[in-house]
Every structure is written in C-alpha cells, then in structure tokens.
Amino acid sequence: MKASYRMSLLDLLRTALRSVSANKLRAALTMLGVVIGVASVIAMLALGNGARAAVDATFQSLGANQIQIGQRFTMQDGELQPTGKTLTFSDGLDMLTSVPLIERVEMSASKTVKARFGKNTVEINVTGTTADALDGIVSSGDVQPVGWNSDAPISAESLLADGRFFSTDEVFAGAPVCVLGYQTALDLFSGDNPIGETIWIDRTRCLVIGVAVELESTDVQQRYRSDPNEGLLMPISTVIQTLYDEEPSVYMVVHAKDAERIDEAKEQIKEYLRARHQIEQDADGNYQDDFDMTTRNDILGQQQEAAQTFSLLLTAMATVSLLVGGIGIMNVMMVSVTERTREIGVRLAVGAKQKDIVSQFLLESILISASGGLAGIVLGILAIPLAAALNQGVALLYPGSIPLAFGVAVLIGIVFGLYPAIRAARLDPIEALRYE
Amino acid sequence: MSEPVIRSEKLTRTYSMGESVITALREADLTIHAGEFIALMGASGSGKSTLLNLLGLLDRATSGEYFLEGKPVSSLRRDELADLRGRRIGFIFQNFNLLPRLSAWENVALPLAYRKGEFAVQDQIDRAREALTRVHLENRAEHNPMELSGGERQRVAIARALITQPAVILADEPTGNLDSKTGVEILRLLKELNEEGRTIIVVTHDMNVAQYAGRVYHMLDGTLYESELPHVAA
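Each protein sequence line maps, in turn, to chains A and B.
So the first sequence is numbered by our numbering: it starts at 1 and just counts up by one.
So the second sequence is numbered by our numbering: it starts at 1001 and just counts up by one.
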C-alpha cells in the first residue's frame, strides 16, 4: 500500500515535469526572478561570511587586550596631513609609568633608507622598534617561518636564523646595532655571514647583530603584496636619533593588563595624552585629539558596518527579485490553469479530489521555483568573486546559504503557486469540461 | 426486483439569472436498472445535459433526491462526490476529452491514479491494457491521442470509462464528432458492452442512436418523458 502511494507521488512529479517541460522557454523566463533572487541571497551571505572571516583574521593580529595608537591624520588641501603634536617616543616611555592599567608599550617608527655594504646598496625600509619587537611579531600572527607547521607555536627565538636581537639596554642607549631581514642579508652580503660586520645606513654606521629566518605571510592573499624578508630592524631610539632630522611620530601597540578593562585603559591613555599634548576642551565641550586609538572592537564595528551596508543592498535586491519572481510564477500558473481548464475538468470527472488538483499545480510551481533556485545557487556562487571585488575583497561562500537559498526558492513556489492551484481545484467540473 | 442503479425522485435543477429563475430540470422521476441501455433524447436546451450532469455527480440538484445504487447523494460533500464519481461513474464525451500529453494507456489508467493506495503502478498498467484490449486498441497503448483517429480516441475514452467497472456509463453525444461509419462502430461497441452487463445511458439527439437502446427517455423544456421506442414512433 505504502509503495503505491509513493508511486503516485512520483506520478504527480512526472506529470508536473511533463507539463513544465512542454513550455520550456516560458518556464525558463519565469524562473529568472527566482534565479536572480537566490543568487543575491548566496552573494549576500557570502559577503556577511567574508566580513566575519576578515574580522576573525583581525582578531588574530590585534589581541583582545591591545590598543593601537597613532598620530591622527586629517584631510587638508586634498592631502592627508598629521594633526597637532607628534606622538613621540617619550610619550610612549612615560605612558608605561603614568597609565596604571597598561603593562607594555611596543613602539615602532619606519623610514625608507639606503643600506650599503661594500659595493652592494639596497633601498629598504628600516623599522625602529623596542626590544620586545619579536614578541610583537609572534603575537600578531601575521608572519611565520617558511614551511612552518601551523600547529606548533612560534617562539621569538625561532624567528632568528643567526645572532641575537637587541636588548632593552641597547634601546635605551640608542646603540648602533641592527637585525637584517633574510632577503636584505642576501642582497648585501651575497651569502657571506653578516654577523659582526658593519653596514652603512644612510650616513650612519651600524653593527649587524642578527639575521632573521625566511618568513612568509600567514595570509596567503597578502604574500604577493609585501615581502616580510626585506628590511631591517634597529632600536627605535637609534632610528629617531640618527635617521631623522626632527622627532618622528611613532606607532604604538599598548597592552592593557586586563582585556576586560580595555575601555578603561583607553580612557586613561586618552586623559594622559590630552594632558601631555595640552589638548583643551573647546567651546562646544569637545576635544580635538591629535591621536587615534583602535581596539579589536573598533575594527569589528567598522567591518560589520561596511558589510551591513552592502548586505542591506543585496537583501533589498534579493527581496525585490524574489517577489517579482514569485509574482511571475503566479502569473504563469494562472495562465497554465486557464489553458488547462478542460484537463482539470477531465481529472475532476474521473474522480480527482480538490487536494489532488492543488498538489498537481503546486508541484508544478515548486518545480519551476526550485529549478530557478538551483540555477540561482550556481549563479550566486559564480558571482561571489564579483561581490568580493565590490566589497573590498571580502566574500566567502557560506555553506549554509545553499540549503537556505533552496528552501527560500521552494517556499516562493509554494506561496505564489498556492492561489492558482486553489483556483484550479475550485473550478466547476461542468464549466471546466465545457471550456473551449 | 433488485435495487435500481439509478433512481430519482422529483429531481429539479434551477438557475438564477439575475431576477429570473430558469428551471432546467423539473421534477424528473427516473428509474434505471442494472444492465439497461437507455437513450436520453431531446433538442439542445431541453435539459438533457443538466440531467446527465446530475446523474454523473458533476452537479447538485436544487431539490428532489437522486439515489445512486440506493444511496442518496444530496448530502455528500464535494470530495465525497468526486470519490463516488471516480468509482461508480464512467464518462464518455462528445469531444473525447483525452489528456494530450498522456499516452493512451495513461489516459485509461487516470481514474485509478486518483484512488490513492489502491492500485500499484503495475496493476494500473495491467488493467489499462486489459481495458484497451476490450476496445481492440491493445497495440495503441503507447500512442498519444494526437496520433490516433477519432474513432480510436473515442475507444480510448470508452476504455477509460470501463476501467473502474462503474455502476453506469454516461455517454454524452459519443458519436457527435465522428463520421457515420465510425459512429456506428462506437455504438456497436457500446451495445456489446451493454450485452456484457454494463448499464449505459447515452445522451443524443440522433434518432439512429436510440435504435440501440432498450428504453428511450425524452426531454422537452426541462420535463422528462418516457417515450415509445423511436422506430415504433417513427
């Protein structure tokens, strides 16, 4: 008994398939709205998913207890210009003693320089850092030694191929020492051991005390944009004293003692810097800060905002196309019911009940919308790179979006097929049989 | 005498057309026993289609009662009527009314397809072939209606009416769309089926059709009369 019931469902499906395929072009045109709508749903969720993945990646590079601080830049005469007072090395040094909720201040300042050894000269970026720079690199998670087994934790020592890193004493003393990037060491020394040699950086002499291992970016997409093996590290004080004519602005990563109290720490830093830079409340009670602070939560907010704007646009597009697609299906089903009035009459005459007729036409509209859904899923997946390009490169197929989008398509078929199907089932058999 | 297949008591059907009320069928009393071949004659507009629709459970009477195999039908719901119609009534139409996208056997099996859980697919195929064999179309089972002649189409329709072993076969002008030679073949087939015990009611305005019938009813302006056999009357 049960088997034959299943067969009659299969029968229904075959009937629906036959009548849909009898009007292939019409069915295909009808599907278009659903195709676009479903593709939008897939793309929309891919964007949301991509933004989330991007934020997750940001979580890695900026720890939950870390605050980035840099001098504020504003647009002036069409160019980004630093505002107010320079964020100095001593601002950072004194912060550690003045702000109770923080435990560490990493600082860096970068400059493009000419480095020379013997006849070899390269133009590279020198970065002045504090003595804990390697720990900072490790905790950022941005780079790893080439071929590193990703499961194993990276230690600060494992980043050095040879020699040592500079000490806190050397940072405070402004010692003329440097650690070379893997590629820079090759470029300058052509394979010879650089440790203990003296190189020229612009017009300053500098002792090579260490060489980094070959590094690669952990983010595959980043690998072609910058090479972490070019450049060299020096104590930040040395860089500031010898490579700059005037005090440069530094970039800080401040570690709060407690991630839970990061907002309090931020407030304390703000008060400290305002006092130090003599920033007064203006007439409106606002402060014209000359520095910017960023935490993980700030980045999360920005990313979400960008993704949400775009998602909203796609949601609107998906809603409109699904609605239009649904109405298209309803229209075609109404036409189909009218065209097949006689058929409905015959079916009623040979014993079809109302629900039989409803199922027949409903199944047909579901078949159209589900086919549109499948095509839309394919189109949506193909459209993800395009959506990514429009949304600054962040879009990633969300696997759950496939069953979701298919479900939405089926639902559209049910919702918009129901009325024509009920109309078909309510036809008067006599009128239907007489219909020409 | 056994229970009649069809019995009606003062069966009446009226239609409201705005203000006026048209009586299409007026207090028809009708008794038809199993195995009879009845001709229902009358001009168009006389009410014979109205009566046929009522007998075929496609319509409901305004008043009076219709007993199908002794069972009153006026209180049945729409789906109950559909179920009873599918089981106990076989229809033959003037324009055949086959579904163009189904093959001959699928058309024949259609009434079984709506009886959920009663007939497995193979069972449906077997019965459809059996019914097609009865109308001498066993070698046309896989053909579409478009590939069949008018007479063949009507024979497929007869097979569809036969397949459920109905209490009565209602034929509405079954020869109306056929040439006279083919029409005679169809009538002979109906006569054969009647001789095998099928109860058949043929609605027609063709006097020749009536010659095959055992009894003739006549409709005039909504009133039903039992008449003499036409060859006697003529």
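Keep in mind the hints are simulated off the structure, nothing from the lab.
Do not take every clue at face value.
Said to hold, decoys possible - Derived SDA-like pairs: lysine to any residue, alpha-carbon spacing no greater than 25 Å straight-line:
{"id": "1", "chain 1": "B", "residue 1": "LYS1116", "chain 2": "A", "residue 2": "GLU246"}
{"id": "2", "chain 1": "A", "residue 1": "LYS355", "chain 2": "B", "residue 2": "ARG1077"}
{"id": "3", "chain 1": "A", "residue 1": "LYS353", "chain 2": "B", "residue 2": "VAL1121"}
{"id": "4", "chain 1": "A", "residue 1": "LYS355", "chain 2": "B", "residue 2": "THR1031"}
{"id": "5", "chain 1": "A", "residue 1": "LYS353", "chain 2": "B", "residue 2": "GLY1176"}
{"id": "6", "chain 1": "B", "residue 1": "LYS1116", "chain 2": "A", "residue 2": "ILE414"}
{"id": "7", "chain 1": "A", "residue 1": "LYS355", "chain 2": "B", "residue 2": "ARG1087"}
{"id": "8", "chain 1": "B", "residue 1": "LYS1116", "chain 2": "A", "residue 2": "PRO385"}
{"id": "9", "chain 1": "A", "residue 1": "LYS355", "chain 2": "B", "residue 2": "ILE1125"}
{"id": "10", "chain 1": "A", "residue 1": "LYS353", "chain 2": "B", "residue 2": "LYS1191"}
{"id": "11", "chain 1": "B", "residue 1": "LYS1071", "chain 2": "A", "residue 2": "ILE414"}
{"id": "12", "chain 1": "A", "residue 1": "LYS353", "chain 2": "B", "residue 2": "MET1017"}
{"id": "13", "chain 1": "A", "residue 1": "LYS353", "chain 2": "B", "residue 2": "LEU1148"}
{"id": "14", "chain 1": "A", "residue 1": "LYS355", "chain 2": "B", "residue 2": "LYS1116"}
Straight-line alpha-carbon gap B:LYS1071 to A:ILE414, limit 25 Å: violated (39 Å)
Hinted pair A:LYS355 and B:ARG1077, Cα distance within 25 Å: holds (14 Å)
A:LYS353 paired with B:GLY1176 [C-alpha distance capped at 25 Å]: violated (29 Å)
Hinted pair A:LYS353 and B:MET1017, Cα distance within 25 Å: violated (29 Å)
Distance restraint between B:LYS1116 and A:GLU246, which requires alpha-carbon spacing of 25 Å or less: violated (92 Å)
Hint consistency between A:LYS355 and B:ILE1125 [alpha-carbon to alpha-carbon, up to 25 Å]: holds (24 Å)
Given pair status - A:PRO385, B:LYS1116, alpha carbons within 25 Å: violated (49 Å)
Hint consistency between A:LYS355 and B:THR1031 [alpha-carbon to alpha-carbon, up to 25 Å]: violated (34 Å)
Pairwise hint evaluation, B:LYS1116 against A:LYS355, where the allowed Cα distance is 25 Å at most: Holds - the C-alpha atoms of B:LYS1116 and A:LYS355 are around 12 Å apart, at most 25 Å.
Distance restraint between A:LYS353 and B:LYS1191, which requires alpha-carbon spacing of 25 Å or less: violated (31 Å)
Pair hint outcome, A:LYS353 versus B:LEU1148 [Cα-Cα no greater than 25 Å]: violated (29 Å)
Pairwise hint evaluation, B:ARG1087 against A:LYS355, where the allowed Cα distance is 25 Å at most: holds (17 Å)
The structure is inconsistent with the numbered hints 1, 4, 5, 8, 10, 11, 12, 13, although it conforms to all the rest.
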